[in-house]
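Asker: The residues making up each chain are set out below.
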Amino acid sequence: MALFMPLVRRLGGLLGRKRVEQEMDEEMRFHLEMQTEENIRSGMTVEEARRAAAKAFGAVTKVKEACREQKGLPTAESIVQDLKYGMRKLVGMPLFTGAALLTLALGIGANTAVFTVMDAVLLRPLPFPDPDRLVLVWENDVLRNSEMETASFPDFLDIQQQASSFEALAAYERNNRTLTGRGEPERLAAARVTADYFRLMGTRPILGRSFLPQEFTAGQQAPVIVGYGVWQRKFGGDPAAIGAPMILDGIHHTVVGIMPRELSEALVPFQTEELWLPLVPGHDDLIRGRHNVRLYGRLKPGVEPKAARTELSEIMKRLEKAYPDDNKGRGAHLVSLDDQLVGESRHTLHVLQAAVGLVLLIGCLNLANLLMARLSARRGEIAVRTALGAGRFRVVRQLLTETLLLSVWGGLLGLVVAFVVVRGFAALGPEILPRLAGIQVDARVVAFLTLVLLGTAALFGMIPALAVSGEPVHEAVKTSGRNLTENRRNRIVREILVAGQVALALVLLVSAGLLLKSFWRLTATNPGYEPRGLLQVTLELPQGRYPYPKTWPIIGWPAVTNLTDRVVGEAGRLPGVSSASISLHDPLTGGWTTRVTVVGRPAPPPGEQDEAEFSPVDQEYFRTLRVPLKKGRQFTEMDDAKHPLVAIVNEAFLRRHFPDEDPVGRSINVFGVPRQIIGVSGDVRLAGFTDPPRPVVYLPFRQNPMARFSVLVRTEGDATQLVPAVRKLINSIDRDLAVYNVTTLDQGLDDSLAARRLTAVVVAGMAGIALFLAALGIYGVISYSVSQRTSEIGIRIAVGARGFDIVRREVSVMMMRVLAGLLLGCAGALVSGRFLSSLLHDVSPTDPAVFSLVLIMLVLVGLAACFLPVMRAIRLDPVAALRQE
Amino acid sequence: MTKAKTDLLQGTLDMLILKAVALGPMHGYGILKRIERVSEDVLRVEQGSLYPALYRLEVQGLIAAESGISENNRKARYYEITEVGKKHLESETKRWVSLSEAVNRVLGATEA
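Protein sequences, first through last, are from chains A and B. Residue 1007 in our numbering sits at position 530 of the first sequence; the count goes up by one each step and never skips. Residue 94 in our numbering sits at position 92 of the second sequence; the count goes up by one each step and never skips.
Keep in mind the hints are simulated off the structure, nothing from the lab. Don't be surprised by glycine CBs; every beta carbon is placed ideally from N, CA and C. Treat the hints with care, as some may be off.
Stated by the list, open to error - DSSO-like mimics (lysine-lysine), calculated; alpha carbons at most 30 Å apart, straight line:
1. A:495 / B:96
2. A:541 / B:88
3. B:21 / A:539
4. B:77 / A:539
5. B:21 / A:532
Said to hold, decoys possible - Here are the computed distance ranges between Cβ atoms for each label pair:
6. A:521 / B:100: 41 to 47 Å
7. B:25 / A:568: 35 to 41 Å
8. B:105 / A:525: 18 to 24 Å
Produce the entire structure from the sequences given, and follow the hints as far as they go.
Answerer: Dropping the structure here:
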């Protein structure tokens, strides 16, 4: 307490300033009067007495100032003074102030925006109770080197029974449904879930109930739980939705519960389902080789994920032994739900943050540099203030006040920038960055901004302030009058700052170069077909009206082929359409795989069979997509259920199974039946382009019809224009078919690269700013140093120095610093390259082309920034130059 | 070097003022006169340093100020020693006495 009292009194002094001033006046007047009276008593005249008293007391103002200092008054007063003075100074230099504010606003704004995004995506916990205990269990396949596969339902039952690490475990099968009878038919993302799913997530229905235990056994009830979005869209948020009927795939269901908004929204894009049905195990579900369920788990409190992982792999080993046919090479592992959701965007965000952080750092160095230049110019002023009695601390404080003023204004502008940038991020959509739905600039973000702001001010303010304050006063006074040479020390500090800027700019430029090159490589990838002018929509036929044939594999299914014939036929006749086709998968995402063996070769050991993607397509497929046929013939209308079974394979399949043989005429087993290979097609790359082409077996759609397929429509014009016509057409053929997944293929390919584009563009933008700032830094130092030495250069030209020599001298000195910066930057870029490597595709982090291009660019920019001011100086008339002083 | 000297002088002035105030509440002018009178005019307090010293002691909480009426019926600020001030004066006095005794011993020493 005793420690604080003086402080409290000091603060009290600040508040009652007027009163204290008045008291002080009175006290001193009283003193003088008393003294005067005594002087009179001792025999002086009134006039003499007054003069003597005043003389003994000394200068009243000085005493008062000393008193104020003791009272704590000067600090407050002088802070206001500093602020006023600082404002005046800043307003007096609009160019400097403008440049500084712009740098700070962009730097602080960009950092705040990226922090806001990081905060929303990475730092905030999921809106479920104890979200850190929520995990996903994925199977993996050692033999096919494949991670993150869905599990089989029998495996789930075994794990659920044997594992002790989990409080609960649930199976989740994505299984979409078409809703009819409530406005336009709509394809809804739906899932079949086991009993524990909702309890495990910790969500309760906001209306109605969860599934009852008896609803998980085969029976007649068909309950459905709907998500908040569907409830709002399809039932207008009416509580009467509970108990209402819902026709899904032509089957009558009853709504029993409504789930809160978080359950649907928090996990986008990993989980988009808004409709849940009880998973009643059917015949298909009990096949151990069919991997169709995602496993959600909630760990018991205190159970480490590592322990759970160990337990899982032991269970999987036992299953492998018990079921070698289906489970050979299959293991399981655990991913926290949070990691699953955030995935790659964590790394992307860290890269973005590093980029904006570096730019802010360069901005700080630049400002420090500008301030140094200004301080050099203000050394006279500072020297005068020092001579008039301002303490060194006071001078430094004045300078820091100015930088703080700049930072605060810069920070406020930065907040505006952050708002705008965050808006931009929020518009990106969950495929690029998840969890941005409710993003906003809030108190945490403002706290971060304040921290950045203070750090920035300290960084760019302290360097020059310390550099100047250490300088002896007489030195400053001496040189301030005659600006013959810039203070050596300042110049060295400024050169170090420039080298640092160059180094950081190089790191950013190399990173941007690598990311751009990688992105360019990806966009230049030949997808294997012509995506322009191609529209795709997906249809799924409701089971209620298109029941599966009883035979397996399904060879003929007239109900479906009649429909597809009509769709393709009518779509092909739409104006502007050159052809239309049916395919199981769309070429963007590919699809299911199955075991394929070559007839006449020894069967591979169990569990080591080769898989290939199988894709039923119609006879127009290769022509519509413009996938080249390399060998053999295309499918025709004749390749139907009544004719021999055939297949076309792609080149990846050829490389794998027939490296030096002609496959045409050979046979392969698909779904247990032999098919003759009639042709070889070119490879099609899946969207994203990062995976190598997979082996694919194309089957004639008529010989392998499916209830879900994509319709692909080729036009010479703009494919998006076709959307309404295609929708109308399908509606006219069967008004209960939902049309979904509508996209043009070039748009789809574009979207698949969006995250990479974002990273590359942002980092490139930051690198551009960095380059500009570094150039500005070099230019600033050189042009200041030259302008300070105009007369010296004038003299040298007058006594016969050639302009060339002067230029060479000035430029070479500066370029040495730039080169030092480049060396330092190369070292930094090697480190940052390793950090980036997982985001690079087909580009080495030490790509020599990128490094040399960046080096050449920086040297050229450095030279240009050096030459301009120097050239201006030597073109001056020597006489004029000399007179300038 | 200069700094140490100032500290000593300042410390001594503070001690003298504290002692003068300890004798009874008094205004600035009175404190000045009191020190001069008691020291029989040997110690002359610089008037310019008296008031800063008073303000300093007040901020430190060693003395307290309140307004009162002077002997010639005028409003004046009266200073009064606080409890903290008394303790401070006591310890300062001890320190001073032991210091001056030590100095005296040195100065009065004869060669043994």
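Asker: For every hint, state whether the structure bears it out.
Answerer: Now for the hints, and whether the structure bears them out:
no. : hint                      : in the structure
1   : A:495 / B:96              : violated (40 Å)
2   : A:541 / B:88              : holds (27 Å)
3   : B:21 / A:539              : holds (26 Å)
4   : B:77 / A:539              : holds (24 Å)
5   : B:21 / A:532              : holds (27 Å)
6   : A:521 / B:100: 41 to 47 Å : holds (44 Å)
7   : B:25 / A:568: 35 to 41 Å  : violated (57 Å)
8   : B:105 / A:525: 18 to 24 Å : violated (41 Å)
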